[in-house]
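2 protein chains.
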Amino acid sequence: MNAVKIGLIGLGTVGAGTLEILQRNSRDIAGRAGRDIRVTRAAVQNLAKQRMVDTTGIELTDDPMQVVNDPDIDIVVELIGGDGIAREVVLRAIENGKHVVTANKALIALHGNHIFEKAQEKGLMVAFEAAVAGGIPIIKSLREGLSANRIQWLAGIINGTCNYILTRMEQDGLDFSEVLKEAQSLGYAEADPTFDIEGIDAAHKLTILASIAFGIPLQFDKVYVEGITGVTIDDIRYAGELGFRIKHLGIARRNQDGIELRVHPALIPEQRLIANVDGVMNAALVMADAVGPTLYYGAGAGAEPTGSAVVADIVDVVRALTSDPNNRVPHLAFQPGSLAALPIMHIGQVETAFYLRMSVINRPGVLAAITRIFGDSEISIATILQKGHDAKGKEVTIIMLTQVTPGNYMSNAVEQIEKLDAVTSKITAIRLENLA
Amino acid sequence: MNAVKIGLIGLGTVGAGTLEILQRNSRDIAGRAGRDIRVTRAAVQNLAKQRMVDTTGIELTDDPMQVVNDPDIDIVVELIGGDGIAREVVLRAIENGKHVVTANKALIALHGNHIFEKAQEKGLMVAFEAAVAGGIPIIKSLREGLSANRIQWLAGIINGTCNYILTRMEQDGLDFSEVLKEAQSLGYAEADPTFDIEGIDAAHKLTILASIAFGIPLQFDKVYVEGITGVTIDDIRYAGELGFRIKHLGIARRNQDGIELRVHPALIPEQRLIANVDGVMNAALVMADAVGPTLYYGAGAGAEPTGSAVVADIVDVVRALTSDPNNRVPHLAFQPGSLAALPIMHIGQVETAFYLRMSVINRPGVLAAITRIFGDSEISIATILQKGHDAKGKEVTIIMLTQVTPGNYMSNAVEQIEKLDAVTSKITAIRLENLA
Chain A
1 MNAVKIGLIG
11 LGTVGAGTLE
21 ILQRNSRDIA
31 GRAGRDIRVT
41 RAAVQNLAKQ
51 RMVDTTGIEL
61 TDDPMQVVND
71 PDIDIVVELI
81 GGDGIAREVV
91 LRAIENGKHV
101 VTANKALIAL
111 HGNHIFEKAQ
121 EKGLMVAFEA
131 AVAGGIPIIK
141 SLREGLSANR
151 IQWLAGIING
161 TCNYILTRME
171 QDGLDFSEVL
181 KEAQSLGYAE
191 ADPTFDIEGI
201 DAAHKLTILA
211 SIAFGIPLQF
221 DKVYVEGITG
231 VTIDDIRYAG
241 ELGFRIKHLG
251 IARRNQDGIE
261 LRVHPALIPE
271 QRLIANVDGV
281 MNAALVMADA
291 VGPTLYYGAG
301 AGAEPTGSAV
311 VADIVDVVRA
321 LTSDPNNRVP
331 HLAFQPGSLA
341 ALPIMHIGQV
351 ETAFYLRMSV
361 INRPGVLAAI
371 TRIFGDSEIS
381 IATILQKGHD
391 AKGKEVTIIM
401 LTQVTPGNYM
411 SNAVEQIEKL
421 DAVTSKITAI
431 RLENLA
Chain B
1 MNAVKIGLIG
11 LGTVGAGTLE
21 ILQRNSRDIA
31 GRAGRDIRVT
41 RAAVQNLAKQ
51 RMVDTTGIEL
61 TDDPMQVVND
71 PDIDIVVELI
81 GGDGIAREVV
91 LRAIENGKHV
101 VTANKALIAL
111 HGNHIFEKAQ
121 EKGLMVAFEA
131 AVAGGIPIIK
141 SLREGLSANR
151 IQWLAGIING
161 TCNYILTRME
171 QDGLDFSEVL
181 KEAQSLGYAE
191 ADPTFDIEGI
201 DAAHKLTILA
211 SIAFGIPLQF
221 DKVYVEGITG
231 VTIDDIRYAG
241 ELGFRIKHLG
251 IARRNQDGIE
261 LRVHPALIPE
271 QRLIANVDGV
281 MNAALVMADA
291 VGPTLYYGAG
301 AGAEPTGSAV
311 VADIVDVVRA
321 LTSDPNNRVP
331 HLAFQPGSLA
341 ALPIMHIGQV
351 ETAFYLRMSV
361 INRPGVLAAI
371 TRIFGDSEIS
381 IATILQKGHD
391 AKGKEVTIIM
401 LTQVTPGNYM
411 SNAVEQIEKL
421 DAVTSKITAI
431 RLENLA
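Going down the list, the protein sequences come from chains A and B.
Reminder that position 260 of the first sequence reads as 260 in the numbering used here, one-by-one numbering, no gaps.
Reminder that position 351 of the second sequence reads as 351 in the numbering used here, one-by-one numbering, no gaps.
Note that these hints are calculated values from the structure, not bench results.
It is possible that part of the hints are untrue.
[Claimed, not checked] Below are the SDA-like pairs computed for lysine to any residue, each with C-alpha atoms no more than 25 angstroms apart in a straight line:
id, chain 1, residue 1, chain 2, residue 2
1, A, Lys122, B, Pro325
2, B, Lys122, A, Asn2
3, B, Lys222, B, Ser323
4, A, Lys122, B, Thr322
5, B, Lys122, A, Pro325
6, B, Lys118, A, Gly31
7, A, Lys5, B, Asn327
8, B, Lys5, A, Asp324
9, A, Lys122, B, Ser323
10, B, Lys419, B, Gln403
11, B, Lys392, B, Leu367
12, B, Lys222, B, Gly337
13, B, Lys426, B, Val225
Turn these sequences into a full structure, and let the hints guide you.
Okay, structure coming up:
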């Protein structure tokens, strides 16, 4: 059979990784796909720039639309990122009847519903394994490997920058800002790290995972998002004393009032496998009714790990080229008519346990006042630790673990406690997840 | 579209689990597959027996061939196990032009080459995700998710019985035989546990994983197989002191002299994620050139975990019913013409580090004699621990960790050392794997 012709949009880190893999492993890949796969055209930002990869035999252009409009191209691979030009490129490719592979989480999270609708109309595939957790085949596992299951919840370490920072803080007792600077110099964090450390990148990925897990439309704007900038080395130490590690998680859970969609730091029991996923590595833990817990671990970013997922998607598309469009793996795991209109819960309704840290003046009646507020708010305390001076009148740190309680009960209680004279700081509240 | 009609052969543990899932999650599964999936006929061993599942609407028979020969059946699901009747059932199903789903590792490991050849001739699918590591989608991940990669090695905890026994020995300081009895009473081990504890079950699964990973024919008879009956609680303790845990692993590795295929207990560094996979859970760690390490974790057995994989295979087959047979996922990951004739290495050639335990009489010159034999055999010692009485003439235990050395160098050295007068026991030698 003829080689399948790929048009590559973007030859940055992931583009170069993808091309490198297609070249190095071309024989194995063809042996698996049953057809040769050849990149014949590529769009780059700057034609004059020195390339890290061999582009012999590839027609280069700085106009993505030239690639997308080329009638010879079978599959458009979009690797420029963001939701500007990338969106136009993908929609035009679909209009032109081409299948699409993309690594673009923002694009899928924000515009996926529209893109998939257009693709569906034309009987085309849009594959996006590389958009979540880099080289880990988590989309495939959820959408195909667990297709027998009703998925109950999933929890993922899906931002390598956050995981690297938290790991280094813990292992080396460093402050957030020190580690961030180091991560930037190592290339593990962007010059502007906001997207990563504020949780937006993780929220894009969680949006996609939740859609596929529960068969709901993509709803990025309904994700509760909290980053890691409020986590201190003290919190990590106290959590450790109590047998927990702090990880930045994306969590999606089905319960009777709707779907929880939330990204935030969380204490998790140190003996959980996922609590031991360190550095830039990613992992997703999925709880499903038939199979029980399964976990998927690997590199969440980087040229070749992400390229690995892009190429796997290309092979999948090649294999399904001749299949009936109505019988392929649906974009969001369920056939378009079978998507569920489950409500997304407000974070105030979501029930979790909490870790709390506060500074108070050590004088009689303070703890009584605090615990009374919790009692009045129907919040049960599981553990209390007092750290610091025993002397009266000195500032001490109080650490508490609570039982499971709705988020708005907790924010009301926190607001009242912060008004107490003896409470000298804002209260740090971090959710605690048992993950079992 | 019409419902897809399934003929189920076997309604034991896995059969009942499969049926239960298909009934409970029928709406979700149809939403994913795009078609209803209905079990219309089932073959059971004893028609008079009380069923654990609802068989309303299913025509039961005690003759598997009646199901296989029924022209109405689209997919035959073989869940009786073993390589006797199961083989006939599967081959007849193929002859009759039916796709097959099976959870039968022995059948695939021993007769897969022939079965796939027959299926290929007829353009039929034979799916077998449930044959390895129960509900973990490891076949799918290797064959599709990592299709971009040249796989370098994989190491799996792929027998839950062995992992349960080793975990309980370690956590509770129990002897092998005590834990085995307990495992049998809990249903984690068979009345005749030979297949599990002697490593044969793991070897079946490793045979399949290695085929898919490297694109080689199934070669069960070339797997080196060692069980866990030789591992003592002392070995587990000494390994722990040195920072290792003992796990029963299936390992397949590509190197320049061929493919290593081996099942045996191994010391692995305790900080590895896979070292912390406990109890009956399974996991596979895969090292590949583009993505790096990925790990897959979950339940390796049980009615619904295995049923989860069976149903996922059914959905996959349903999705590919209309696709071009030459473009589907190849049975062994690579197109039949692309399978590699790589030699399987003899265990004597395979290079690993070793943990050694021996009893010796504590007298001058003994250690010199032992280390001289290692030196003459070109084996480097990394660590020596002496345990027990310091008094001269008393028996002491010596623990050694060696550097990487070919297996036959080690067996020669062990043979010579065992001949020394001062050496009072057989030497326990367990391989040590760094897994990084």
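Hint check:
1. Between Lys122(A) and Pro325(B), the direct Cα distance comes to roughly 23 angstroms. Compliance with the 25 angstroms bound is thereby established for this hinted pair.
2. Under the criterion of a C-alpha separation no larger than 25 angstroms, the hint pairing Lys122(B) with Asn2(A) is consistent with the structure, at around 24 angstroms.
3. With a C-alpha separation of about 35 angstroms, the suggested pairing of Lys222(B) with Ser323(B) is violated against the 25 angstroms cut-off.
4. Taken as a hint, the Lys122(A) and Thr322(B) pair is honoured in the structure, with Cα atoms around 18 angstroms apart against an allowance of 25 angstroms.
5. Of the pairs offered as hints, the one joining Lys122(B) and Pro325(A) holds, with about 23 angstroms between alpha carbons and a cut-off of 25 angstroms not exceeded.
6. Between Lys118(B) and Gly31(A), the direct Cα distance comes to roughly 20 angstroms. Compliance with the 25 angstroms bound is thereby established for this hinted pair.
7. Taking the CA atoms of Lys5(A) and Asn327(B), the gap is near 16 angstroms; set against the 25 angstroms cutoff, the hint holds.
8. Between the alpha carbons of Lys5(B) and Asp324(A) the distance comes to roughly 19 angstroms, so the proposed pair stays at or under 25 angstroms and holds.
9. For the hint linking Lys122(A) to Ser323(B), the alpha-carbon distance of about 18 angstroms falls within 25 angstroms, and the restraint holds.
10. Of the pairs offered as hints, the one joining Lys419(B) and Gln403(B) holds, with about 23 angstroms between alpha carbons and a cut-off of 25 angstroms not exceeded.
11. As the CA atoms of Lys392(B) and Leu367(B) are separated by approximately 13 angstroms, the hinted pair is consistent with the 25 angstroms bound.
12. Simply put, Lys222(B) and Gly337(B) have alpha-carbon atoms about 22 angstroms apart, close enough for the 25 angstroms limit, and the pair holds.
13. This hinted pair checks out: Lys426(B) and Val225(B) have alpha carbons roughly 20 angstroms apart, not beyond 25 angstroms.
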